[in-house]
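Protein chains: 2
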Amino acid sequence: MLFVLSSPSGAGKSTIARKLLADDDGLQMSVSATTRGMRPGEEDGKDYHFVDLEEFRRMVANDEFLEWAHVFDNRYGTPRAQVEAMLAAGKDVLFDIDWQGAQQLFQIAGGDVVRVFIFPPSMEELRQRLERRATDSVEVIDARMARATNEVSHWDGYDYVLVNDDVEQCFQGVRTILQAERLKRSRQTGLIGFIRKLTTK
Amino acid sequence: MLFVLSSPSGAGKSTIARKLLADDDGLQMSVSATTRGMRPGEEDGKDYHFVDLEEFRRMVANDEFLEWAHVFDNRYGTPRAQVEAMLAAGKDVLFDIDWQGAQQLFQIAGGDVVRVFIFPPSMEELRQRLERRATDSVEVIDARMARATNEVSHWDGYDYVLVNDDVEQCFQGVRTILQAERLKRSRQTGLIGFIRKLTTK
Numbered sequence: 001m002l003f004v005l006s007s008p009s010g011a012g013k014s015t016i017a018r019k020l021l022a023d024d025d026g027l028q029m030s031v032s033a034t035t036r037g038m039r040p041g042e043e044d045g046k047d048y049h050f051v052d053l054e055e056f057r058r059m060v061a062n063d064e065f066l067e068w069a070h071v072f073d074n075r076y077g078t079p080r081a082q083v084e085a086m087l088a089a090g091k092d093v094l095f096d097i098d099w100q101g102a103q104q105l106f107q108i109a110g111g112d113v114v115r116v117f118i119f120p121p122s123m124e125e126l127r128q129r130l131e132r133r134a135t136d137s138v139e140v141i142d143a144r145m146a147r148a149t150n151e152v153s154h155w156d157g158y159d160y161v162l163v164n165d166d167v168e169q170c171f172q173g174v175r176t177i178l179q180a181e182r183l184k185r186s187r188q189t190g191l192i193g194f195i196r197k198l199t200t201k
Numbered sequence: 001m002l003f004v005l006s007s008p009s010g011a012g013k014s015t016i017a018r019k020l021l022a023d024d025d026g027l028q029m030s031v032s033a034t035t036r037g038m039r040p041g042e043e044d045g046k047d048y049h050f051v052d053l054e055e056f057r058r059m060v061a062n063d064e065f066l067e068w069a070h071v072f073d074n075r076y077g078t079p080r081a082q083v084e085a086m087l088a089a090g091k092d093v094l095f096d097i098d099w100q101g102a103q104q105l106f107q108i109a110g111g112d113v114v115r116v117f118i119f120p121p122s123m124e125e126l127r128q129r130l131e132r133r134a135t136d137s138v139e140v141i142d143a144r145m146a147r148a149t150n151e152v153s154h155w156d157g158y159d160y161v162l163v164n165d166d167v168e169q170c171f172q173g174v175r176t177i178l179q180a181e182r183l184k185r186s187r188q189t190g191l192i193g194f195i196r197k198l199t200t201k
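Residue numbers (UniProt numbering), protein chains in the order written: chain A, 1 to 201; chain B, 1 to 201.
Just chain A, with the same shape it has in the complex (with noise of 0.2 Å):
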């Protein structure tokens, strides 16, 4: 299963991804590469692969990504190698990207995605969570809110959709989702030999 987390910047997607990996031994986290500079506290490899614009357009060249976006001045892709070991590990596949790569991925692999939105409580939290990061510019926070409702709007191409008014409230709200998504017949394969001997006893 390839599980999408979208969200606005700063709606504690990451926060939830971090509990649901920290939860759940059957997901791993799908690491994005960047050309964006790295943030302190990043780490690349775990954040994501910093990469320079060069190597980026190699890899789109060469169909290394799943998906890909332009978002501001920098570039995001999906690397495709990555989630296919993981799939191939029996491992279900964490995605923390936007609404266009929502999109991309959903094309690719159909009922296969499962995609879930988090909607921040209001506008104005946001804006506040925003600037408590401090971080960034006021223009860039601006910028941001922008993006922010712009990406709000595509709520309707998500199979799930939260509100992350309690963090820890919400993280369990996915986590059901994910548990109850194993649990769908079409992906029950491993049921099969099972039914069959329950059939023909």
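Calculated directly from the structure, the hints in this document are not laboratory data.
Note that the coordinates shown come from a computational prediction; the quantities given were computed from them, not determined experimentally.
Some clues are possibly wrong.
Since the list gives no way to pick out one identical chain from another, each pair is judged satisfied if it fits inside one copy or across any two copies.
Stated by the list, open to error - Below, simulated DMTMM-like cross-link-like pairs (lysine to aspartate or glutamate); rule was C-alpha separation at most 20 Å, straight line:
#1 LYS197 <-> GLU151
#2 LYS184 <-> GLU124
#3 LYS184 <-> GLU151
#4 LYS184 <-> ASP166
Since the structure of chain A is already known, use the hints to place chain B on it.
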């Protein structure tokens, strides 16, 4: 939401339905009408609406059933008015019906129906459970086992499937499905005003 729980008789569905209803205020049980005789311990209006054949036929003729079926010598049906009243009160409705009923409901209500199938751990275990009940003769148990094999063969008409190895774990699985389904975008109609506010601010 119309939440359907199907399984062969004896696979533990009634226990799970009881636990779900005790756990969840937002869920109410659809009580079927039946022409079969009342069993010891059963209560009219709680386990079933016990009606005679003439009354059942009148209800069919008046289109008072959402779905109905013939099972062995008896008829079973879901009274439409009761379900409509529950939905109007904002409740989700739990159905303990077989694959034919699930199929009929799906034809009427489409995406509003969530269909969950519960497998017994094995057919041997199922027979032992039926025998332990000690309410039925060997002939009746044989007939139920034949019907169980038929019922199990229709598992591909369900959205979710679980094996009832452990009743508590199976209950938690069904509860997870119910909670996750409520987070589906298409069911979050209460969020529409909230989202409009988010995107126009």
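So, going through the hints one by one against the coordinates:
1. LYS197 <-> GLU151: between (48 Å within a copy, 14 Å between copies)
2. LYS184 <-> GLU124: neither (38 Å within a copy, 25 Å between copies)
3. LYS184 <-> GLU151: So LYS184 and GLU151 pass the 20 Å test across copies only (18 Å; inside, 28 Å).
4. LYS184 <-> ASP166: between (28 Å within a copy, 19 Å between copies)
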